[in-house]
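A.B. asks: If you want the building blocks of each chain, they are given just below.
Protein chains: 2
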Amino acid sequence: MKWRPNRHSHLTIQEQIVDWIKSRIERGDWSVGTKIPTQRQLAMEFNVNRSTVQLAIDELKADGFLESKMGSGVFVANNSWNVLLDKAQPNWQQHIESSIHKPNYHTIQLINEYEQKNHIIRLGTGELSPELLPTKQIEQSLKAISLDSKAIGYSSPQGSEKLRGILCNYLEKRGIQTDPENILIVSGALQALQLIAIGLLEEGSIVFQEQPSYLNSIHPFQSSGMRIISVLRDVHLADTLRRLKRKRQSLFYCVPTLHNPTGNNWSVEERENFYNVCKELQIPIIEDDVYHELLFESSLPAIKSFDTSGQVLYIGSVSKTLSPGLRIGWVVAPSPVVRRLADIKMQTDYGSSAFSQEIVAHWISSGLYERHLIKLREQLRKRATFVEEILEQQFKKIATWKKSDGGFYIWLRFHEPIVNKTLFLNLVNQNVLINPGYIYETRDLHHIRISYAYASFEELKEGLNILLELIQH
Amino acid sequence: MKWRPNRHSHLTIQEQIVDWIKSRIERGDWSVGTKIPTQRQLAMEFNVNRSTVQLAIDELKADGFLESKMGSGVFVANNSWNVLLDKAQPNWQQHIESSIHKPNYHTIQLINEYEQKNHIIRLGTGELSPELLPTKQIEQSLKAISLDSKAIGYSSPQGSEKLRGILCNYLEKRGIQTDPENILIVSGALQALQLIAIGLLEEGSIVFQEQPSYLNSIHPFQSSGMRIISVLRDVHLADTLRRLKRKRQSLFYCVPTLHNPTGNNWSVEERENFYNVCKELQIPIIEDDVYHELLFESSLPAIKSFDTSGQVLYIGSVSKTLSPGLRIGWVVAPSPVVRRLADIKMQTDYGSSAFSQEIVAHWISSGLYERHLIKLREQLRKRATFVEEILEQQFKKIATWKKSDGGFYIWLRFHEPIVNKTLFLNLVNQNVLINPGYIYETRDLHHIRISYAYASFEELKEGLNILLELIQH
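Just so you know, the sequences run in chain order D and Y.
Its first residue numbered 1, the first sequence is counted upward by one per residue in UniProt numbering.
Its first residue numbered 1, the second sequence is counted upward by one per residue in UniProt numbering.
Chain D with its partners taken away, still in its complex shape:
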C-alpha cells in the first residue's frame, strides 16, 4: 500500500486510519465481504503502533463498517453500505464462488502469500535461491541484446522463430529430433498444461498420473472437468490403464526425470516399457522434463527421444534453471497439436514476452546457458549434501529419505503421520514454510517436500531445527 498516515496532520493517526479505511470501502476497493489485512500487517505498513490500528478498527466495528469473524479475521461488514450511503454494489463474493475455475488449495494460497514475506524460511520452495540465479550475468547480457522491431510486435502464433530454431539444436543434444514447426513457446510449463487441458481433451477425459504427483497441487485439468486417476506403474500397468480408460479419451502425465515431489528417476528400461504400453493403448504422454538439466550425474534419455508415433507431448522450461521470472517454456508435439495449442494461446494471451524470448535465445545460443548449468549443478549438489548431513544427524530416528540425484527436492518420509495442516500452520507461525506431502497426495500425512534449492545454508539449518523441535513436542 502506498498510503501512510501524515504525522503533521491536524487529525490523529487513529482518525486518519479510520478515514482511510472508510474511503477504501466507499470507493469499492474493499467491497462487502473483503477480508482486510491483519492488525499486524497494517501496523507494519503504516509504520504505527499496533494498538493504534486496533483502536481504529474497534471504532469502525462499533460504527458497523467492519465485523470480526471468529478465527478468520476482520471483514467489511454486510451493512457497511447502508451505513455509508444508500449504495448498490455488485456482490463480488457471489460472483467468485459460482464461477468456473477452482481456487487454489488454501495451503497453496498461503504458501504463495507467505513466500512474498521477508524473514520467512522457505524450506519447500520449488525455485532457485536468488543467490543461485545468474542475475548480474543476465543484466550484463541485456546490454548485448539487439532488438528487431518486428520481434517486439505481436508474436507469431508459435513464438519467436529464432528461439524455436535454437531450441531445435538444443533439443537434439537431448536426443530429440524436431523442427521449429513442431515447437510452441509457452509462458512456462504450467501454461502448457493449461493449453493441453482446454485444447486437446473433452470434458470427462481421464488424466493418468503417478502418486504422489505435482498435478495434485495445481488445477488445469480438474478445472476443465477432467478426471485425474493415480495409477501404480507396475507390471500390471497395461491392464490397469485398459480397464480404467475404456472408451474415454485419456493422457498420461509423467515426470520421469527428477520427479516432483519425490526426486525419483525412471530407468531407461522403465521409460521404454512405459512408452510401449501407452503406445499400444494409444494413450498420449505428457512428459514434463523441466528438471532434467539438474541431474548431478549423467543424463537420462527423454521418452520423447524414442517417440516414433507422435505420442509424446514434451515440455521443457528455463524456470528451474535460469530464471522463473522469464516465464519461458516450450512444448514439442506433432504439428496439428502445436497448431491447435498455438491457436488457443493466441486467444488467451497473444504469445509470450518477446523480451524474455530474446533473452533465452541469447543465453542458449551463446553457450552462456550451458556454462551456467555446470556451475548450478555443483551448487545444488553442495546444498543437497548439506541438508542430507543435517538429516543424517538429526532426523534419522524419525524419518527416512533417499539421497538426491539432482534437482531441488528431498522427499522426507516421517514414520508417524504427523504432517497435517496444523503442523503447516504452526510452522508458519514460526516463520517456516514447508510444502506438506498432502498437497501432492491428499491422504498423505507422512511426507514433506524439502527443497535445498531456495533457503540459504543458515536458513536451511535453522528451518530444519525448528521443524524438528516442533515435531518433538
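Check before you lean on any hint, since a few could be wrong.
Chain D regions said to be covered by chain Y (calculated; three or more residues, Cβ under 8 Å) [unchecked claim]:
#1 26-37
#2 138-144
#3 188-194
Rather than coming from a laboratory, the hints here were simulated on the basis of the structure.
Bear in mind that the values here come from a model prediction, so they are computed numbers and not experimental data.
Idealized CB from N, CA, C, for every residue including glycine.
Following the hints, put chain Y in place on chain D, whose structure we already have.
C.D. replies: Just chain Y now, kept in the frame of chain D:
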C-alpha cells in the same frame, strides 16, 4: 523449417524431399490428417523449384502417404501408417475437435498466419508499425535496467510491487484513485478478459456489449459458456438490460474511448449515464481502456474515475502504445476481485514476465513513456490524415467514414454489402490483408476496419488502391 536439401548428396533433390516428408510422418510430427504446407511454401523454404516439390508430393500421394482434399490442400493420408509400419498413433484430430476451447474464426486464423509473411500489406492490423515502436530506445533502456535477484524469481501473485506502485501514480493522472493492492498485472488485456471469464462468472452468465464489438473477434467468454448479447446504448438501455438480465449474473464489456473497431468516443455525459444505469442494475462494467493514450486531442475521463461502488473492472495495457511484445497490461478492481484473478493467474501461468515488468516500470517512472506518447500521437495523426486524404479522393462515392479522433482505426462503411469472405480471400491473394467487419459483427458485410497504424505510407496507398480496384471489378 531448418531442413534444406543437400545439393551435394548422391540422392536427387526430389528423393531427399520424399525422404524428409516420410521421416516427418514416421516421427509423428506430421500425424494423420495434418495439412502439409503448400507447394509454394515448401519450394520457398527449401529454395528449390516448385515443380520439384510437386513431383515429390505426387510420388508420396501415389504411395499412399499423402492425399489431396479438393480445394483445401494436401494432407497426411489416413492409411499412411499402414504403409509405413504397423503403428498405432493417437488420433489428434479427434482430440482437438472434441476439446473445450473454441478455435479462432477461420478468417482470424488466416490473419494471424498471413501477418507473419513478408510482402503482405497489413491494412487492418491492430498493432503499431515496427517503425513506430521505440525499438532502439527500448534497447538502450535495457542497458539502464538493474535487476534484483528477487524480482526475477517467481512473481508475487498480483505482479511486481514496484510496477504496481508506479501504475498507481500513473493512473492518478487518469483520474483513477487506487492502491497497489487493487492492481493485477496481466499479460495483456486479452488475458484480463480470460481471467474474468473463468474467475468471476458462472456458466450461462450474460456478457453485454455494444455492436459491433471487439469481443466478437475473440472467445474468452464464449469458450467458457457465457452468452454474449449486443444491446443498443440508447435511452431504453436500463429497460433493455433489466429485461435481458433477469436473475442471471452479467457484465457489460465496453470500450468507451477510441472504440475498437469503430474508433468512436463516448461523451462525458454518456459515460455518466451508462455508469448510473449499470450501477442501478448491479451490472459490473469491464472498461477496456487500452487506446485512450492515443487520443489526438484532450483526454476523456475513464468511467472508473467516477466509480464509487467497486462496479468497474478497469483494463489498461502498453500493447497499443509501447510494444505488444512486452505482453503487459493491468486490471484495477476491488480487492476480492483482484485477489481472485491473481489466484487464477498463478494457476495458469505463474505471473507475467519479470523482465517485461521491469521495462514497463522503467519507461513509465522515468518519463520516457510520456515523451514517447507525444511523438507517437503526432505520427499517428499524420498517418490518419494521409489515409483520410486517399479515402476522400478515391472512396467518396462508394463508402463513408468518420474523421479519426485518435488510435489506429477508420471504420470504413461501403454503401453496398460487399465485404464478404470472398473479398477477404481475393485480397489475400493479392497480398493485402484486411480486417473485415464480419469478424466484429457476424452479419455485417458493409465495413472494413482500416488501420493506419501498421502499414507504411506507400503500402497504405498501394493497399487501398488494390482494394479499390478489386471492389470496382
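A.B. asks: Can you confirm whether chain Y covers the region 188-194 of chain D, using C-beta to C-beta distances below 8 Å and requiring at least three such residues?
C.D. replies: holds (count 4)
A.B. asks: Holds or violated: the region 138-144 of chain D covered by chain Y, criterion of 3 or more residues with Cβ-Cβ distance under 8 Å?
C.D. replies: n = 4 at 8 Å, threshold three: holds.
A.B. asks: Is the listed coverage of the region 26-37 of chain D by chain Y valid when you require three or more residues with a beta carbon under 8 Å from a beta carbon of that chain?
C.D. replies: Contact hint for the region 26-37 of chain D vs chain Y: holds, 8 residues under 8 Å.
Hint compliance for this structure: no hint is broken.
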